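Colleague: When you get a sec, could you build the whole thing from the sequences and use the hints?
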Amino acid sequence: MINTGDIVISIKGHDRGEYYLVLDCDKDFVYLADGRLKLIEKPKKKNKKHVSRLGKSKEFIDMKDNDDNFNDVKLKYLLKNWRSKCLNQTL
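Just so you know, we're using numbering that gives the first Met the number 0 here: the sequence shown kicks off at 0 and counts up by one.
Certain hints may be false.
[To be verified] The calculated label-pair distances, taken between Cβ atoms and stated as ranges, are:
no.	residue 1	residue 2	range
1	Cys85	Gly12	16 to 24 Å
2	Gly16	Leu38	17 to 25 Å
3	Asp23	Arg82	20 to 28 Å
[Unchecked claim] In silico lysine to any residue, SDA-like type, Cα no more than 25 Å apart, as pairs:
no.	residue 1	residue 2
4	Lys45	Phe28
5	Lys44	Asn80
6	Lys44	Trp81
7	Lys45	Ile1
8	Lys44	Asp27
9	Lys75	Cys24
10	Lys41	Leu53
11	Lys73	Arg35
12	Lys26	Gly54
13	Lys84	His49
14	Lys45	Lys63
15	Lys63	Trp81
16	Lys44	Gly54
17	Lys48	Ile10
Hints were generated in silico from the structure; no laboratory data involved.
Quick caveat, the model's predicted, so the values are computed rather than measured.
Where is the CB? At the ideal position from N, CA and C, for every residue including glycine.
Modeller: Dropping the structure here:
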């Protein structure tokens, strides 16, 4: 089950393989941002079936709670760290 604050990877579409943070979700769709092309102010709407959950972002929750200035730069850095963690685990 995908919830707000989860890190997901796109498994369908032209953005396949991209990492995103779930900003919001409803019954069938999730609203995603990557801090680069899809910004927090204008998230990407994507079908839940087209993403795969990688895990919960404790960093996002901590940043969101402690820092009112969570922005796209911090999001880009957060996803970069997740991407490198996932790559290191597969090697």
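Colleague: Confirm or reject each hint.
Modeller: How the hints compare with the structure:
Restraint check, Cys85 to Gly12: a C-beta distance of roughly 19 Å satisfies the suggested window 16 to 24 Å. A C-beta distance of roughly 20 Å is found between Gly16 and Leu38, which places it inside the suggested range of 17 to 25 Å. The given range of 20 to 28 Å is respected by Asp23 and Arg82, whose C-beta atoms sit roughly 22 Å from each other. Of the supplied pair hints, the one linking Lys45 and Phe28 holds, its CA atoms being roughly 5 Å apart against a limit of 25 Å.
With a CA separation close to 23 Å, the supplied pair Lys44 and Asn80 stays within the 25 Å bound. With a C-alpha separation of about 21 Å, the suggested pair Lys44 and Trp81 falls inside the 25 Å cut-off, and the hint holds. Proposed proximity of Lys45 and Ile1 is supported: the alpha carbons are some 12 Å apart, at most 25 Å. Taking the CA atoms of Lys44 and Asp27, the gap is near 10 Å; set against the 25 Å cutoff, the hint holds.
For the suggested pair Lys75 and Cys24, the alpha carbons sit about 20 Å apart, so the restraint of at most 25 Å is met. Distance hint between Lys41 and Leu53 is fulfilled; the C-alpha atoms sit about 22 Å from each other, no more than 25 Å. Only pairs whose Cα atoms come within 25 Å are accepted, and Lys73 paired with Arg35 is accepted, the gap being roughly 11 Å. Distance hint between Lys26 and Gly54 is fulfilled; the C-alpha atoms sit about 19 Å from each other, no more than 25 Å.
This hinted pair checks out: Lys84 and His49 have alpha carbons roughly 22 Å apart, not beyond 25 Å. A distance of roughly 23 Å separates the Cα atoms of Lys45 and Lys63; the hinted pair therefore holds under the 25 Å criterion. Proposed proximity of Lys63 and Trp81 is supported: the alpha carbons are some 17 Å apart, at most 25 Å. At roughly 19 Å between alpha-carbon atoms, Lys44 and Gly54 fall within 25 Å of each other, so this suggested pair holds.
A hinted pair counts as satisfied when its Cα atoms are at most 25 Å apart, and Lys48 with Ile10 qualifies at roughly 9 Å.
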